[in-house]
Amino acid sequence: MKKKKELDKWLLLNWKKFLIIIGALFISVILHNVFYALNEISKINFGIIEGFFFFIAVLIIPLYFIICFIYTLIKMIKNKTLFE
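Just so we're aligned: the sequence shown equals residues 1067 to 1150 in my numbering.
Because the hints were derived from the structure by calculation, they are not lab data.
A quick note: this is a predicted structure, and the numbers were derived from the prediction, not measured.
Heads up, the beta-carbon is just placed ideally off N, CA and C, and yes, glycines get one too.
Watch out, some of these pointers could steer you wrong.
[As the list claims (entries may be wrong)] Calculated pairs, DSSO-like style, for lysine-lysine (alpha carbon to alpha carbon, straight line, at most 30 angstroms):
hint, residue 1, residue 2
1, 1069, 1146
2, 1144, 1071
3, 1071, 1141
4, 1083, 1141
5, 1069, 1083
6, 1141, 1070
7, 1109, 1071
8, 1083, 1146
9, 1083, 1070
10, 1069, 1144
11, 1082, 1069
12, 1082, 1071
13, 1083, 1144
14, 1075, 1146
[What the hints assert, rightly or not] FRET-style restraints, in silico, Cβ to Cβ:
hint, residue 1, residue 2, range
15, 1107, 1078, 25 to 35 angstroms
16, 1071, 1104, 21 to 31 angstroms
17, 1140, 1086, 16 to 26 angstroms
18, 1115, 1089, 41 to 51 angstroms
19, 1090, 1114, 18 to 28 angstroms
20, 1146, 1107, 18 to 28 angstroms
21, 1088, 1121, 10 to 20 angstroms
22, 1141, 1105, 21 to 31 angstroms
23, 1088, 1144, 35 to 45 angstroms
24, 1133, 1107, 29 to 39 angstroms
25, 1149, 1103, 43 to 53 angstroms
26, 1113, 1133, 44 to 54 angstroms
27, 1074, 1149, 28 to 38 angstroms
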């Protein structure tokens, strides 16, 4: 039972979590662009850090959102609260 509550805590989508996901996506894109610009204007290579934020912004955050969305839909269909 505790494991189910933990899943709900991390995967159940609400407005607060949706805004956090959008904010995290925005911050990841900004940090990717900042490190790309620093890589272009300085002699220091920020390629790994830039790639890390690109990976987060393009793959991890959208995948997390899709998983949360599907989990929420399944939970709402199971509880019959989808069309209320």
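(message) I want to verify a distance hint. Is the separation of the beta carbons of residue 1115 and residue 1089 within 41 to 51 angstroms?
(response) Between residue 1115 and residue 1089, where Cβ atoms are some 20 angstroms apart, the hint is violated.
(request) Could you say whether the range 21 to 31 angstroms given as a hint is met by the Cβ separation of residue 1141 and residue 1105? (result) Violated - the Cβ-Cβ distance for residue 1141 and residue 1105, about 43 angstroms, lies outside 21 to 31 angstroms.
(message) Next pair to validate is residue 1144 with residue 1071; report whether the Cα-Cα distance is within 30 angstroms.
(response) holds, 16 angstroms
(request) Note whether the CB distance of residue 1088 and residue 1144 lies within 35 to 45 angstroms or breaks it. (result) violated, 26 angstroms
(message) Within 18 to 28 angstroms: is that where the Cβ-Cβ distance between residue 1090 and residue 1114 falls?
(response) At roughly 20 angstroms between Cβ atoms, residue 1114 and residue 1090 fall inside 18 to 28 angstroms, so the hint holds.
(request) Can you let me know if the beta-carbon spacing of residue 1149 and residue 1103 is within 43 to 53 angstroms? (result) For residue 1149 and residue 1103 the Cβ distance comes to about 48 angstroms; the hint holds.
(message) residue 1109 and residue 1071 were given as a pair; does the straight-line alpha-carbon distance stay at or below 30 angstroms?
(response) The hint is violated at about 49 angstroms.
(request) Verify the proposed pairing of residue 1075 with residue 1146, using a straight-line Cα cut of 30 angstroms. (result) The hint holds at about 20 angstroms.
(message) Assuming the hint says 18 to 28 angstroms, is it satisfied by the Cβ distance from residue 1146 to residue 1107 or not?
(response) Distance hint for residue 1146, residue 1107 is violated at roughly 57 angstroms.
(request) Sort out whether residue 1146 lies within 30 angstroms of residue 1069, counting only the CA atoms. (result) Holds. Residue 1069 to residue 1146 sits at ~22 angstroms (cutoff 30 angstroms).
(message) Please verify whether residue 1083 and residue 1144 have alpha carbons no more than 30 angstroms apart.
(response) With Cα atoms ~21 angstroms apart, residue 1083 and residue 1144 stay inside 30 angstroms; holds.
(request) Compare the distance between the alpha carbons of residue 1083 and residue 1070 with 30 angstroms, and conclude whether the hinted pair is satisfied. (result) holds, 18 angstroms
In terms of the numbered hints stated before, the structure departs from hints 7, 15, 16, 18, 20, 22, 23, 26 and 27, listed from lowest to highest.
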